[in-house]
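Engineer: One-letter residues, chain by chain:
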Amino acid sequence: MALENIFPVLNQMEAEGVIGRYAIGGAVGAIFWLEPMHTKDLDVFLTLPTSHGGSLLTLTPIYDYLLPRGYQPRGQHIEMEGWLVEFVPPGTPLVEEALARAVTRDVNGVPVRVFTAEHLAAISLQVGRERDHDRIARFIEHEALDAAKFDDILQRHQLLEKWRQFRRSRES
Amino acid sequence: MTELERRLRESKLAWRKHVAALPAGEKLRMLEEMIADTRAIVATHPPKPANPVRFSPR
Chain A
192 MALENIFPVL
202 NQMEAEGVIG
212 RYAIGGAVGA
222 IFWLEPMHTK
232 DLDVFLTLPT
242 SHGGSLLTLT
252 PIYDYLLPRG
262 YQPRGQHIEM
272 EGWLVEFVPP
282 GTPLVEEALA
292 RAVTRDVNGV
302 PVRVFTAEHL
312 AAISLQVGRE
322 RDHDRIARFI
332 EHEALDAAKF
342 DDILQRHQLL
352 EKWRQFRRSR
362 ES
Chain B
205 MTELERRLRE
215 SKLAWRKHVA
225 ALPAGEKLRM
235 LEEMIADTRA
245 IVATHPPKPA
255 NPVRFSPR
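Going line by line, the protein sequences match chains A and B. Going left to right, the first sequence walks through residues 192 to 363 as the working numbering numbers them. Going left to right, the second sequence walks through residues 205 to 262 as the working numbering numbers them.
I should point out that these hints are in silico values taken from the structure, not numbers from a laboratory. Model, not experiment: these values are computed from the prediction. Don't take each hint at face value.
[Claimed, not checked] Result set (SDA-like, lysine to any residue): computed pairs, CA atoms no more than 20 Å apart in a straight line:
id	chain 1	residue 1	chain 2	residue 2
1	A	353	A	317
2	B	221	B	233
3	A	231	A	324
4	A	340	A	358
5	A	353	A	321
6	A	340	A	328
7	A	231	A	321
8	A	231	B	239
9	B	221	A	334
10	A	231	B	243
11	A	231	B	247
12	B	221	A	226
13	B	221	A	325
14	B	221	A	331
15	A	231	A	268
16	B	216	A	325
17	B	221	A	337
18	B	221	A	218
19	B	221	A	335
20	A	231	B	240
21	A	231	B	236
22	B	216	B	205
23	B	216	A	334
24	A	231	A	277
25	B	216	A	330
26	A	340	A	284
27	A	353	A	286
28	A	231	B	244
29	A	340	A	292
30	A	231	B	230
31	B	221	B	235
32	A	231	B	242
Whenever a hint applies, use it, and build me the whole structure from the sequences.
Structural biologist: Here it is as structure tokens:
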């Protein structure tokens, strides 16, 4: 297993136009800001180039690029370097914004684009499962969030009520 | 919460913050070690259960 071998492939795919802008989200994205936590897969959020004259988004170019290089499809994932990698086009305006505002971090000399801590926490709030709430609690515990930026995201994406509910649930 | 519990909690949080501040490459390497350790535990078969007939009281 070697996550660090996946990032150069993603950068190359972006450079060759196989994919548009990409950024790491999910648990692996959170690890860039927090301590390591267990996860089984790598979520790669990305924009996809549309076919000429069409608007249909398809993952086919990704498969066409990766399968000849020895990577194998596993359900909705592609197994790369022992990791289940899921390529996910943004499904909400919040994730679109997270992708647009993602930042570059260094992994052993390789640039890797990753969602900001504030966007990761806001997405966790929007998804709202127990483990997502646990992740938000970690962001708070680690003081990893810029309060002004986080509040701005919550306001613009109508997440303030969910935030209030989250805080109430943690106080009780 | 007792004083000892509070101090343990604080030292644990301090350690987690220390780990969180490590370079991303180091944290990802730690993650992969965690996953490998978990897989090694899963691959270890527990001992067979004792034969309940043999150990049943008379």
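Engineer: Hints first: check each against the structure and report whether it holds.
Structural biologist: Here is how each hint holds up against the structure:
With a C-alpha separation of about 8 Å, the suggested pairing of residue 353 of chain A with residue 317 of chain A holds against the 20 Å cut-off. Restraint check for residue 221 of chain B and residue 233 of chain B: satisfied, since their Cα atoms lie roughly 17 Å apart, inside the 20 Å limit. Of the pairs offered as hints, the one joining residue 231 of chain A and residue 324 of chain A holds, with about 18 Å between alpha carbons and a cut-off of 20 Å not exceeded. Between residue 340 of chain A and residue 358 of chain A, the direct Cα distance comes to roughly 18 Å. Compliance with the 20 Å bound is thereby established for this hinted pair.
The hinted pair formed by residue 353 of chain A and residue 321 of chain A meets the criterion: a straight-line CA distance of about 13 Å does not exceed 20 Å. At most 20 Å may separate the alpha-carbon atoms for a hinted pair to count; residue 340 of chain A and residue 328 of chain A meet this at roughly 17 Å. A hinted pair counts as satisfied when its Cα atoms are at most 20 Å apart, and residue 231 of chain A with residue 321 of chain A qualifies at roughly 17 Å. Restraint check for residue 231 of chain A and residue 239 of chain B: the C-alpha separation of about 8 Å stays at or below 20 Å, so the hint holds.
The hinted pair formed by residue 221 of chain B and residue 334 of chain A meets the criterion: a straight-line CA distance of about 9 Å does not exceed 20 Å. Annotation: proposed proximity of residue 231 of chain A to residue 243 of chain B holds, straight-line Cα distance about 11 Å (limit 20 Å). As the CA atoms of residue 231 of chain A and residue 247 of chain B are separated by approximately 16 Å, the hinted pair is consistent with the 20 Å bound. Among the hinted pairs, residue 221 of chain B with residue 226 of chain A is consistent with the structure: their alpha-carbon atoms are about 7 Å apart, no more than 20 Å.
For the hint linking residue 221 of chain B to residue 325 of chain A, the alpha-carbon distance of about 16 Å falls within 20 Å, and the restraint holds. Under the criterion of a C-alpha separation no larger than 20 Å, the hint pairing residue 221 of chain B with residue 331 of chain A is consistent with the structure, at around 12 Å. In summary, the hint linking residue 231 of chain A to residue 268 of chain A is supported, as the alpha carbons are separated by about 11 Å, within the 20 Å threshold. Restraint check for residue 216 of chain B and residue 325 of chain A: satisfied, since their Cα atoms lie roughly 17 Å apart, inside the 20 Å limit.
For the hint pairing residue 221 of chain B with residue 337 of chain A, the CA-to-CA distance comes to about 16 Å; that is within 20 Å, so the pair holds. Taken as a hint, the residue 221 of chain B and residue 218 of chain A pair is honoured in the structure, with Cα atoms around 17 Å apart against an allowance of 20 Å. The straight-line distance between the Cα atoms of residue 221 of chain B and residue 335 of chain A is roughly 10 Å, inside the 20 Å bound, and the hint therefore holds. A distance of roughly 11 Å separates the Cα atoms of residue 231 of chain A and residue 240 of chain B; the hinted pair therefore holds under the 20 Å criterion.
At most 20 Å may separate the alpha-carbon atoms for a hinted pair to count; residue 231 of chain A and residue 236 of chain B meet this at roughly 10 Å. Straight-line distance between C-alpha atoms of residue 216 of chain B and residue 205 of chain B comes to about 15 Å, which keeps the hinted pair within the 20 Å bound. A hinted pair counts as satisfied when its Cα atoms are at most 20 Å apart, and residue 216 of chain B with residue 334 of chain A qualifies at roughly 15 Å. Under the criterion of a C-alpha separation no larger than 20 Å, the hint pairing residue 231 of chain A with residue 277 of chain A is consistent with the structure, at around 11 Å.
Straight-line distance between C-alpha atoms of residue 216 of chain B and residue 330 of chain A comes to about 16 Å, which keeps the hinted pair within the 20 Å bound. Between residue 340 of chain A and residue 284 of chain A the CA atoms are separated by roughly 16 Å; this keeps the pair inside 20 Å, and the hint holds. Annotation: proposed proximity of residue 353 of chain A to residue 286 of chain A holds, straight-line Cα distance about 17 Å (limit 20 Å). For the hint pairing residue 231 of chain A with residue 244 of chain B, the CA-to-CA distance comes to about 15 Å; that is within 20 Å, so the pair holds.
Taking the CA atoms of residue 340 of chain A and residue 292 of chain A, the gap is near 12 Å; set against the 20 Å cutoff, the hint holds. Proximity of residue 231 of chain A to residue 230 of chain B is assessed by CA-CA distance (about 18 Å); at most 20 Å being required, the pair is judged to hold. Taking the CA atoms of residue 221 of chain B and residue 235 of chain B, the gap is about 16 Å. The hint holds against a cut of 20 Å. Among the hinted pairs, residue 231 of chain A with residue 242 of chain B is consistent with the structure: their alpha-carbon atoms are about 11 Å apart, no more than 20 Å.
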